[in-house]
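Undergrad: Same order as they appear, the protein sequences are chains A, B, C and D. Each residue of the first sequence is one higher than the last, beginning at 6 in the numbering used here. Each residue of the second sequence is one higher than the last, beginning at 6 in the numbering used here. Each residue of the third sequence is one higher than the last, beginning at 6 in the numbering used here. Each residue of the fourth sequence is one higher than the last, beginning at 6 in the numbering used here.
In short, the hints are calculated from the structure, not lab data. There's no promise every hint is true.
35 Å max Cα-Cα, derived DSBU-like pairs, lysine-lysine [said to hold, decoys possible]:
1. Lys-62/A to Lys-25/A
2. Lys-105/C to Lys-62/B
3. Lys-25/C to Lys-25/A
4. Lys-62/B to Lys-25/B
5. Lys-105/B to Lys-102/C
6. Lys-105/B to Lys-105/C
7. Lys-25/A to Lys-25/B
8. Lys-62/D to Lys-102/A
9. Lys-62/B to Lys-62/A
10. Lys-105/B to Lys-105/A
11. Lys-25/C to Lys-62/C
12. Lys-105/D to Lys-62/D
13. Lys-25/A to Lys-105/D
14. Lys-62/D to Lys-62/B
15. Lys-25/C to Lys-102/D
16. Lys-102/C to Lys-105/A
Computed Cβ-Cβ distance ranges for the label pairs, DEER-style [claimed, not checked]:
17. Arg-32/D to Ala-67/A: 39 to 47 Å
18. Ser-101/D to Asn-7/C: 42 to 50 Å
19. Leu-39/C to Arg-32/A: 21 to 29 Å
20. Ala-67/C to Ser-22/A: 43 to 51 Å
21. Ala-35/D to Ser-98/C: 31 to 39 Å
Ideal Cβ placement from N, Cα and C applies to all residues, glycine included.
Now for the letters of each chain:
4 protein chains.
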Amino acid sequence: MNVILEFSIVPIGVGTSLSKYVAACERVLAETGLHYELHANGTNVEGEWDAVFAAIKLCHEALHQMGAPRLSTLIKVGTRTDRLQTMENMVMSVQSKLEKSG
Amino acid sequence: MNVILEFSIVPIGVGTSLSKYVAACERVLAETGLHYELHANGTNVEGEWDAVFAAIKLCHEALHQMGAPRLSTLIKVGTRTDRLQTMENMVMSVQSKLEKSG
Amino acid sequence: MNVILEFSIVPIGVGTSLSKYVAACERVLAETGLHYELHANGTNVEGEWDAVFAAIKLCHEALHQMGAPRLSTLIKVGTRTDRLQTMENMVMSVQSKLEKSG
Amino acid sequence: MNVILEFSIVPIGVGTSLSKYVAACERVLAETGLHYELHANGTNVEGEWDAVFAAIKLCHEALHQMGAPRLSTLIKVGTRTDRLQTMENMVMSVQSKLEKSG
């Protein structure tokens with residue numbers, strides 16, 4: 006089961022500068038070989054269900070290890086059986102509708 | 006790693022009556038032995054990371070099997086290393102603050 | 006436009022004990038007259054779009070005033086034009102499906 | 006109160022092809038003059054609280070008008086009083102941490 010997913014982890018109890026925690030999680034993702042993209046409100050990832058969720062668990066473990074005592078994470082995950090969808094064609098599909106109507 | 010989690014699955018492409026899909030997922034949860042609670046906007050669950058995420062995956066599989074071609078799921082998950090927290094004491098902790106101030 | 010909504014505010018930069026902030030927001034809600042319910046992962050609210058979102062804004066303002074320098078909030082909001090739905094009948098609708106199948 | 010926000014609207018009851026609804030909402034955003042960015046799992050927006058939430062409400066109204074009987078929307082919103090943050094410097098801040106450690 007393939008997923009298109011977004012997640013963002015909020016470390017709690019370590020002050021207000023969170024970018025080093027986001028960077029640590031990006032390094033975890035880089036090692037997984039998964040396709041991912043950082044944006045201003047989270048990270049998009051695609052791949053097999055188990056591989057993607059294992060990566061998020063590794064991020065939780067890495068951030069706790071860095072000293073974050075509490076983490077609150079939002080995950081939005083989509084699966085579909087009617088056709089294969091990629092992050093790239095989700096955006097392209099909207100763009101094409103915008104061009105037609107422009 | 007223990008989690009307190011909330012999730013809600015939106016089946017897409019099967020009309021607007023979604024309660025039978027929510028019910029199917031509740032039945033999946035009942036079989037896992039996990040502690041869970043349905044509320045108006047989702048289901049709260051607590052337990053070991055792997056067990057809880059395995060349950061959500063089973064729900065996705067069950068709902069696709071029922072004919073839902075596309076699913077969009079929101080998961081909010083919290084972990085902490087400073088102390089053990091349960092769904093029950095999260096609510097009680099807020100209630101006690103409200104009583105003191107009342 | 007009526008909404009059924011859930012939200013949860015995570016204060017960042019004020020340590021790991023967040024219940025007093027949740028309690029402050031519950032007091033804000035109590036004064037609005039809106040129908041709301043606290044649960045382990047957030048607060049469910051229903052009402053007119055503008056009234057409900059005004060209440061969430063008041064919570065943000067109140068928590069910043071209490072000293073939280075940064076807030077991260079998750080909102081899940083549903084609207085529908087086909088029929089009126091309440092938080093109560095969303096849960097009852099699932100329960101009735103579970104009883105039939107039991 | 007300035008916000009950095011992400012939202013995604015899931016239309017329910019109109020089949021599985023949702024890109025024309027996403028496109029309609031992008032056109033609503035384009036008319037507001039707000040700074041926004043579409044990505045694979047949602048749309049990032051920044052601006053004044055009231056302006057941004059008014060735009061999301063307009064999207065709900067536009068999509069119901071197009072015939073979507075039910076909408077489920079996820080909003081993640083951040084506010085901070087310690088310093089001004091933009092979507093651009095959130096990403097740059099993480100990138101700089103990644104470069105230092107590379």
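Undergrad: Look at each hint and say if it fits the structure.
TA: These are the hints, each one checked on the structure:
1. Lys-62/A to Lys-25/A: The given pair, whose Cα atoms are some 18 Å apart, holds under the 35 Å limit.
2. Lys-105/C to Lys-62/B: holds, 25 Å
3. Lys-25/C to Lys-25/A: holds, 28 Å
4. Lys-62/B to Lys-25/B: holds, 18 Å
5. Lys-105/B to Lys-102/C: violated, 40 Å
6. Lys-105/B to Lys-105/C: The hint is violated at about 43 Å.
7. Lys-25/A to Lys-25/B: With Cα atoms ~43 Å apart, Lys-25/A and Lys-25/B exceed 35 Å; violated.
8. Lys-62/D to Lys-102/A: holds, 21 Å
9. Lys-62/B to Lys-62/A: holds, 15 Å
10. Lys-105/B to Lys-105/A: Outside the cut-off at roughly 60 Å; violated.
11. Lys-25/C to Lys-62/C: holds, 18 Å
12. Lys-105/D to Lys-62/D: The given pair, whose Cα atoms are some 41 Å apart, is violated under the 35 Å limit.
13. Lys-25/A to Lys-105/D: holds, 11 Å
14. Lys-62/D to Lys-62/B: holds, 32 Å
15. Lys-25/C to Lys-102/D: Holds - the C-alpha atoms of Lys-102/D and Lys-25/C are around 33 Å apart, at most 35 Å.
16. Lys-102/C to Lys-105/A: violated, 44 Å
17. Arg-32/D to Ala-67/A: 39 to 47 Å: holds, 41 Å
18. Ser-101/D to Asn-7/C: 42 to 50 Å: About 45 Å separates the Cβ atoms of Ser-101/D and Asn-7/C, which means 42 to 50 Å holds.
19. Leu-39/C to Arg-32/A: 21 to 29 Å: violated, 43 Å
20. Ala-67/C to Ser-22/A: 43 to 51 Å: Taking Cβ atoms as reference, Ala-67/C and Ser-22/A lie about 24 Å apart, which means the hint is violated.
21. Ala-35/D to Ser-98/C: 31 to 39 Å: holds, 38 Å
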